[in-house]
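Peer 1: Given next are the chains, with one letter for each unit.
Number of protein chains: 2
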Amino acid sequence: MPSTSLNSLRNETEGALAEFVKGKTEKLNKIDDFLEPIAKSLSEYILAGGKRFRPIFAYLGFLGAGGVANPKIARAFAALELVHVCALIHDDLMDGSDTRRNRESIHRQFQKHHDELKYLGSAANYGASVAILLGDLSLAWSDELIFLSGISQAQHYLALPIFHEMREELMAGQYLDVLESVRGDSDKIRSSKIARLKSGKYSIERPLQFGAALAGANSTLLADFSNFGLALGEAFQLRDDLLGIFGEPSVTGKPSGDDIREGKRTLLIALTLEMCSEKERKLLERSLGEKSLDNSQIADIQELISRCGAGGECERLISALFNEAMANLDRSDCREEIKGLLKEMAEATTQREK
Amino acid sequence: MPSTSLNSLRNETEGALAEFVKGKTEKLNKIDDFLEPIAKSLSEYILAGGKRFRPIFAYLGFLGAGGVANPKIARAFAALELVHVCALIHDDLMDGSDTRRNRESIHRQFQKHHDELKYLGSAANYGASVAILLGDLSLAWSDELIFLSGISQAQHYLALPIFHEMREELMAGQYLDVLESVRGDSDKIRSSKIARLKSGKYSIERPLQFGAALAGANSTLLADFSNFGLALGEAFQLRDDLLGIFGEPSVTGKPSGDDIREGKRTLLIALTLEMCSEKERKLLERSLGEKSLDNSQIADIQELISRCGAGGECERLISALFNEAMANLDRSDCREEIKGLLKEMAEATTQREK
Chain A
1 MPSTSLNSLR
11 NETEGALAEF
21 VKGKTEKLNK
31 IDDFLEPIAK
41 SLSEYILAGG
51 KRFRPIFAYL
61 GFLGAGGVAN
71 PKIARAFAAL
81 ELVHVCALIH
91 DDLMDGSDTR
101 RNRESIHRQF
111 QKHHDELKYL
121 GSAANYGASV
131 AILLGDLSLA
141 WSDELIFLSG
151 ISQAQHYLAL
161 PIFHEMREEL
171 MAGQYLDVLE
181 SVRGDSDKIR
191 SSKIARLKSG
201 KYSIERPLQF
211 GAALAGANST
221 LLADFSNFGL
231 ALGEAFQLRD
241 DLLGIFGEPS
251 VTGKPSGDDI
261 REGKRTLLIA
271 LTLEMCSEKE
281 RKLLERSLGE
291 KSLDNSQIAD
301 IQELISRCGA
311 GGECERLISA
321 LFNEAMANLD
331 RSDCREEIKG
341 LLKEMAEATT
351 QREK
Chain B
1 MPSTSLNSLR
11 NETEGALAEF
21 VKGKTEKLNK
31 IDDFLEPIAK
41 SLSEYILAGG
51 KRFRPIFAYL
61 GFLGAGGVAN
71 PKIARAFAAL
81 ELVHVCALIH
91 DDLMDGSDTR
101 RNRESIHRQF
111 QKHHDELKYL
121 GSAANYGASV
131 AILLGDLSLA
141 WSDELIFLSG
151 ISQAQHYLAL
161 PIFHEMREEL
171 MAGQYLDVLE
181 SVRGDSDKIR
191 SSKIARLKSG
201 KYSIERPLQF
211 GAALAGANST
221 LLADFSNFGL
231 ALGEAFQLRD
241 DLLGIFGEPS
251 VTGKPSGDDI
261 REGKRTLLIA
271 LTLEMCSEKE
281 RKLLERSLGE
291 KSLDNSQIAD
301 IQELISRCGA
311 GGECERLISA
321 LFNEAMANLD
331 RSDCREEIKG
341 LLKEMAEATT
351 QREK
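So the protein sequences, as listed, match chains A and B. When the letters of the first sequence are read in order and numbered with this note's numbering, they come out as residues 1 to 354. When the letters of the second sequence are read in order and numbered with this note's numbering, they come out as residues 1 to 354.
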C-alpha cells in the first residue's frame, strides 16, 4: 500500500464529508427555502477544516486490521466527524465560546443574524436555539452517513456497538467535565478519568476500534488498539490542556488562556494546584471561571503554571505516555506498514500547536 | 388478534422503555458514580408517563401491515419515544419552559440542583448544559435501542431510511418554528407547512410508516398511511394549538396560555390575526412573546381568539381533517381489525385534553 499517507486519508475524509453535505444542503433547501441559512452555516462548519483525527484514526484502525481502502469505508469514517461537530457546536454553546476554527461559533453567528435582521425577542436565545438544533441534526446525520456509506450490513453491525459506546462515553465525559467546573475541586485522579472518557476513548481508542471492527478484527487486535489508544489519548488531552493555557491564538483559533476563563478543571490545573504555593493556589482558584480576566492576568497565571513546574511535568507525562503508546503499538498485531502512519498520527496529536 | 388494545400497546411500550432505561442506569453508574444524578433524572423523565403516541402509531402501522406483535418490535418502537424525549428536553430549554408533564423541566431541575449544592458559576448555564447533554444522550440512545431491539438486520434496514427522514424533518420543523417566532409574521400557509413537518410527519405519518416498513409493507400501504397520517397530524397540531391557549393547566401540566408568552406563531394565531379587527391584531402582536403577561391579560387574549371565530374555525378544521383521515383509512389496505384501533388513536390525538 505504497500510496497511503495521512494526507490521502484526510483527503478521502474531506471528500466524503463534502459529498454528504452537498446532498444534505440540496435536501434541506428542497424541504423549505427558509432552511437555507442553517443548511449553509452547518455545511460550512462541517467543511471548515478540522483536524479530522477521529476519521483518520478509524481509517488507520481499519487498514491496520487488514482492511482495503475504499470510498464506502471512508464515508463511514467521516460519520465520526459529524458526531464531533455536534460535540463542538454544543460545547461552544455551553462554554459561551465565541470562536471555533477561527470562525464564529454557531450560536454567535445566529445571534448576529438576529441582530442584523432585527428579529423579535432575544438574540442570545435565538443563537442558542439554532446551535442546539444544528448540533442535534449533525448527531442524527452521523447515523445516517454510516447507513448510507454503502458498507455491508454485516460490517455495519460489527461497528455499531462501538459507535454507540463512543457517543455515550462522550456525553458522559462532557457532563463530568461540566460538573468538575462547577464543583470546583480538582484532583488528579478525577481529571485523568474525565480525560480518559472525553479524549482517550472518544478521540482515539473508539475510532481505532470502530475502524478495526469494520475490517473484522479479532479481539486481540481490538485490545491492542485499546492499549495504544488510551495512553495516546491521555497524552492528546494533556497537549490540549497545555494549548488551552499556552496556545497561540492565531494558530489555535481560540483566545489565549481560554480554559482559565472557562474554569476548566484539567489535569494540568490539578497538577498546578498541587505543585504551587498556598498563596498561588488561592489566586488560581479565584481566577478559574472568571470571564473578565484581562491579558495581563492571564499572563500571570501562565507564568505561575510554568514556574511551579506543572507545565514541565505535563510535558514529561506526554512523552512518557507517547512512549507507552508506541511500545504497545510495536507489540501489537497491527499491520507493519500501518504502524508508521499511526506513529505519525501519534506525533501529530501530541506535538500539535492547535 | 382479539387481545390487542391501545392499552396493551402502551403497556408494551412502557415495558420496553423501563427495561432499556434500567440497563442504561446501571451502565452509567458503572462508568462513574458522579453520573448518578443525570442517570436518575433522565430515567425518571423517560418513564414519567408521556402519551407514547409515536410508538403506538408505529405499532399500529406494523400490525396494520400484517406484522405479528412481539417484544422485539415493541423495543424498536419505543426508540421513537427517545427521539421525542430529546425534542422535549431541548424544546423546553429553547422556550425557557419550566414544567413538562407536571414536573420540572430538565434545565430547571439542574439549575435548582446547582443552587442547592452551592456550585460555582451560573446555575442557569449549568441547567442548560445538562439539558443539552441529556437531550443528546437520549437522541443517541434512540439509535441504540433500535439496534439492540432484536429485530432482524433486514427489518432494521427497511425502517432506517424512514427513521432518518423523521429526525431530519423534526429538526427542520423545530428550526422553522423558532424562526417563525422571531420573524414575527404569521400566515396560514407557513403555519400549516410547519405544522405538517413538526406534527403531521414527525408524530404520525413517519411513525406509521416506520412500523409498516418493519412489517415489510408495500408502497401502496405506505402511501395510504401517509394520506391518513398527514391529515390526522394537522388535526393533532391544531388541537395542540388550542390546548396551548385554552388548556387546563392541571391537566396539560403547562401554565395556561403558555404559547402566547412563548410567542408561538401557530395556525390558530395566524387564523386569529386574519379574523380579528385591526385594533385586536395590534394587541395580539404586542402580547406574543411577552413573558410577563399576567393571568387577566392571558384571559383577554383567550376571549379575543374565541370571539373573532378563530377558535371555532380551528375546531371545524379539526373535524374536517379527522373525517378526511378516516376516509383515507377506510379506503386503505390496512388490516380491518387494526382500523378500529387507528380510529381510537385518531380520536385520542384530536380530542385530547393534554
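Calculated from the structure, these hints are not laboratory results. Treat the hints with caution; some may be incorrect.
Treat identical chains as interchangeable: a pair holds within one or across any two.
[Unchecked claim] Below are the EDC-like pairs computed for lysine to aspartate or glutamate, each with C-alpha atoms no more than 20 Å apart in a straight line:
#1 Lys343 <-> Glu324
#2 Lys22 <-> Glu248
#3 Lys188 <-> Asp330
#4 Lys30 <-> Glu165
#5 Lys40 <-> Asp330
#6 Lys118 <-> Glu19
#7 Lys24 <-> Glu169
#8 Lys22 <-> Glu169
#9 Lys30 <-> Glu169
#10 Lys72 <-> Glu168
#11 Lys72 <-> Glu303
#12 Lys343 <-> Glu280
#13 Lys354 <-> Asp98
#14 Lys30 <-> Asp98
#15 Lys27 <-> Glu336
Peer 1: Which earlier hints turn out false for this structure, listed by number in ascending order?
Peer 2: 2, 3, 5, 6, 10, 11, 12, 14 and 15
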